[in-house]
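Number of protein chains: 2
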Amino acid sequence: MGPATKTVTLEGRFQMHRAGHLESPTMAYETWGELNESRSNGILIFSGLSPSAHAASSAEDHSAGWWEDMIGPGLPLDSNRYHIICVNTLGSCFGSTGPASVDPATGEIYRLRFPTLTLEDVAEAAYGVVCHLGIEQLDSVIGCSMGGMSGLAYCVRHPGAARRFISISSATRALPFAIAVRSLQREMIRSDPKWMNGNYDPKDPPITGQRLARKLGMMSYRSPEEWNQRFGRQRTTATEENVNDPFKIAFSVEAYLENHANKFSGGFDPNCYLYLSRASDLFDLAEHGGSLESGFSKLRLERALVIGVVTDILFPLQQQRDIAAGLSAVCPNTRLVELDCIRGHDSFLVDMDAFRPVICDFFETCGP
Amino acid sequence: MGPATKTVTLEGRFQMHRAGHLESPTMAYETWGELNESRSNGILIFSGLSPSAHAASSAEDHSAGWWEDMIGPGLPLDSNRYHIICVNTLGSCFGSTGPASVDPATGEIYRLRFPTLTLEDVAEAAYGVVCHLGIEQLDSVIGCSMGGMSGLAYCVRHPGAARRFISISSATRALPFAIAVRSLQREMIRSDPKWMNGNYDPKDPPITGQRLARKLGMMSYRSPEEWNQRFGRQRTTATEENVNDPFKIAFSVEAYLENHANKFSGGFDPNCYLYLSRASDLFDLAEHGGSLESGFSKLRLERALVIGVVTDILFPLQQQRDIAAGLSAVCPNTRLVELDCIRGHDSFLVDMDAFRPVICDFFETCGP
Chain A
7 MGPATKTVTL EGRFQMHRAG HLESPTMAYE TWGELNESRS NGILIFSGLS
57 PSAHAASSAE DHSAGWWEDM IGPGLPLDSN RYHIICVNTL GSCFGSTGPA
107 SVDPATGEIY RLRFPTLTLE DVAEAAYGVV CHLGIEQLDS VIGCSMGGMS
157 GLAYCVRHPG AARRFISISS ATRALPFAIA VRSLQREMIR SDPKWMNGNY
207 DPKDPPITGQ RLARKLGMMS YRSPEEWNQR FGRQRTTATE ENVNDPFKIA
257 FSVEAYLENH ANKFSGGFDP NCYLYLSRAS DLFDLAEHGG SLESGFSKLR
307 LERALVIGVV TDILFPLQQQ RDIAAGLSAV CPNTRLVELD CIRGHDSFLV
357 DMDAFRPVIC DFFETCGP
Chain B
7 MGPATKTVTL EGRFQMHRAG HLESPTMAYE TWGELNESRS NGILIFSGLS
57 PSAHAASSAE DHSAGWWEDM IGPGLPLDSN RYHIICVNTL GSCFGSTGPA
107 SVDPATGEIY RLRFPTLTLE DVAEAAYGVV CHLGIEQLDS VIGCSMGGMS
157 GLAYCVRHPG AARRFISISS ATRALPFAIA VRSLQREMIR SDPKWMNGNY
207 DPKDPPITGQ RLARKLGMMS YRSPEEWNQR FGRQRTTATE ENVNDPFKIA
257 FSVEAYLENH ANKFSGGFDP NCYLYLSRAS DLFDLAEHGG SLESGFSKLR
307 LERALVIGVV TDILFPLQQQ RDIAAGLSAV CPNTRLVELD CIRGHDSFLV
357 DMDAFRPVIC DFFETCGP
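One line per chain: the protein sequences are A and B, in this order.
Take any residue in the first sequence, count from 1 to its spot, add 6: that is its number in our numbering.
Take any residue in the second sequence, count from 1 to its spot, add 6: that is its number in our numbering.
Just chain A, with the same shape it has in the complex:
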């Protein structure tokens, strides 16, 4: 947790959506800009699977956040006009309660005794933060990737609790290819002998499995088209250590994946990753009423924006069209924007020049 991250205890028994409960869980969050007098300018952000609440820098924490170019004075999410809140997802490991936290009932780390996590729980915990801040109705909920599903869960469980909704590269529910990717990532971690059925030493976690999972993640987050342009068949130079290894890294794309694996692994708790990954598989808007239509029909939104990327293979464009169609049926003021970015699912993190104008237009902010 950075210096700008605050926490709140959601006092009492926090009932989980499927089964079980948490005793007074903690939620970490960060905010930018001031809440206005009518408490009507709140914007809640749900991140993807792995980020913390530190979405952008501020006076208290100068380090860049994961959506640095999106949030701040004069930026698309304009902190001069809005009170912007980003939560660390329930079940994550950056200040919010999750499988790596101590279970107050036992004094031991939850590990696999953490109850089944769903994105409904993620939404409910964020709702607790918003209530704690004294906000009855948000201006907007914004969700990216997994966070878009959490945002749908928020809006369907608390109709009218947000006037507007932005879904970015998300889904109404996971399809088999995305489930397969995540299932294999989980199996990579669980197959690492150091995972020890969830009872790993936090100082000696299943790094090998995490590295493999991260590489598969990167393959699903980016796009073949980007890599054709960026790497082609470009080679790396053999280093002294690996010159005799017949399977050493030889192509630039292999070195790229290696660098990403090195950066990520060790930074995220493996059990938290497993729970959040499975929660992404489990979410299905159709469970709220028996069909997608009935799920959407519960929403009370004044305006919605759905953004998707043509090269996204994890949350493909058709899923964005499905969200937009479902929203349009209950919220005529819904806009679908299909962006021609080449960097796949990750575009909302790395292709800001494409995303900023669309968000600016929605909030009628001018942008940088």
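Treat the hints loosely; a few may be bogus.
Note: identical chains are not told apart, hence a pair may lie in one copy or across any two.
[Claimed, not checked] Okay, derived cross-link-like pairs now, SDA-like style, lysine to any residue, Cα gap no bigger than 25 Å in a straight line:
(1) K304 x A167
(2) K12 x S46
(3) K254 x R117
(4) K304 x V336
(5) K304 x D207
(6) K269 x E293
(7) K254 x I213
(8) K209 x A292
(9) K254 x N203
(10) K254 x S64
(11) K200 x E344
(12) K12 x E29
(13) K200 x N250
(14) K304 x R119
(15) K304 x E293
(16) K269 x Q143
(17) K304 x T15
(18) K269 x P199
(19) K254 x P121
(20) K200 x F368
(21) K269 x M7
(22) K254 x E293
(23) K200 x D210
(24) K209 x Q235
(25) K209 x D328
(26) K304 x N250
It is worth saying that the hints were derived from the structure and are not from the lab.
Position chain B against the provided structure of chain A, taking the given hints into account.
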């Protein structure tokens, strides 16, 4: 090796394309139909990475082969008219010499002492089989997937040694996404502690790594579209053993991958897999003369057929168009067929109703 599989020793020093040599390697192959008097009706098949030479059943071996519906009397590759040869790829483990074979120089299994394998070596070893059979010029070379690259290597190294060429779901060279898939598959196997730097006990191989690699393979061999139709969000029933496992198989697509992993792993030698996988990355037709154009310009073909599948993510359609364009420049009688199959790269193995008519048309056979 099945009862219909024959072997031939390629006597003498077999010089490898990059470096090193093999001493009198063995090649396994299977044939269907008789060679005619003019020895002009030979068809050579290069398989994908993992199949054996047993492409179809015959009087000597009634078990179904990997291209059972394609080869036989009255079938598209008509054994009443053609002498059809399928080789087990050099470097594989079904009768041909590979990393799992004994090195005659040391009396020990090659393992990682096997020299760097390339598809040029694969082609050259098959050329040795064809020469052994007394065939100066083949009617056709057919290559599927990796085998299409081996077929290109055959035709570029021996211009005129085949009159016709069929490339199925292949490439002139691997692009970064395919390299990334294979690199990660190799890393999964090499990360398994049982791999022991290639020195595993053949009775206790790195099954865990092989299973993971197979699952990633299946994800690249099929298509998201197929899985949407076939599985959707269909669930499995929890078994007694896994009822308390929070990450147990819950979706049908996970059970499907599990079944495929169970079927495959243990059936293929891990080191052989690693060598063949890397050989697929390394092949680049442009290395034959400095550019793809100069590579293609070496070919002496009378007719060519390129078949691709719109849903193939491992050898995407654009690569089929590139092969067809390159072939057309030197062999005007080239046809490109883009099949609208839903089962991705594997379509040539599982969607025979789509492939048979195209092959029949090429060979003017009537089909079943």
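These are the hints, each one checked on the structure:
no., hint, verdict
1, K304 x A167, "within (12 Å within a copy, 69 Å between copies)"
2, K12 x S46, "within (21 Å within a copy, 80 Å between copies)"
3, K254 x R117, "between (35 Å within a copy, 16 Å between copies)"
4, K304 x V336, "within (8 Å within a copy, 63 Å between copies)"
5, K304 x D207, "neither (44 Å within a copy, 59 Å between copies)"
6, K269 x E293, "neither (37 Å within a copy, 35 Å between copies)"
7, K254 x I213, "both (19 Å within a copy, 21 Å between copies)"
8, K209 x A292, "neither (41 Å within a copy, 48 Å between copies)"
9, K254 x N203, "between (30 Å within a copy, 12 Å between copies)"
10, K254 x S64, "neither (43 Å within a copy, 42 Å between copies)"
11, K200 x E344, "neither (42 Å within a copy, 47 Å between copies)"
12, K12 x E29, "within (19 Å within a copy, 69 Å between copies)"
13, K200 x N250, "between (28 Å within a copy, 20 Å between copies)"
14, K304 x R119, "neither (33 Å within a copy, 65 Å between copies)"
15, K304 x E293, "within (12 Å within a copy, 61 Å between copies)"
16, K269 x Q143, "neither (38 Å within a copy, 54 Å between copies)"
17, K304 x T15, "neither (29 Å within a copy, 73 Å between copies)"
18, K269 x P199, "both (22 Å within a copy, 23 Å between copies)"
19, K254 x P121, "between (41 Å within a copy, 14 Å between copies)"
20, K200 x F368, "neither (47 Å within a copy, 55 Å between copies)"
21, K269 x M7, "within (18 Å within a copy, 46 Å between copies)"
22, K254 x E293, "between (47 Å within a copy, 21 Å between copies)"
23, K200 x D210, "both (7 Å within a copy, 20 Å between copies)"
24, K209 x Q235, "neither (39 Å within a copy, 44 Å between copies)"
25, K209 x D328, "neither (43 Å within a copy, 50 Å between copies)"
26, K304 x N250, "neither (62 Å within a copy, 34 Å between copies)"
In this structure, the earlier hints numbered 5, 6, 8, 10, 11, 14, 16, 17, 20, 24, 25 and 26 are contradicted, and the remaining ones agree with it.
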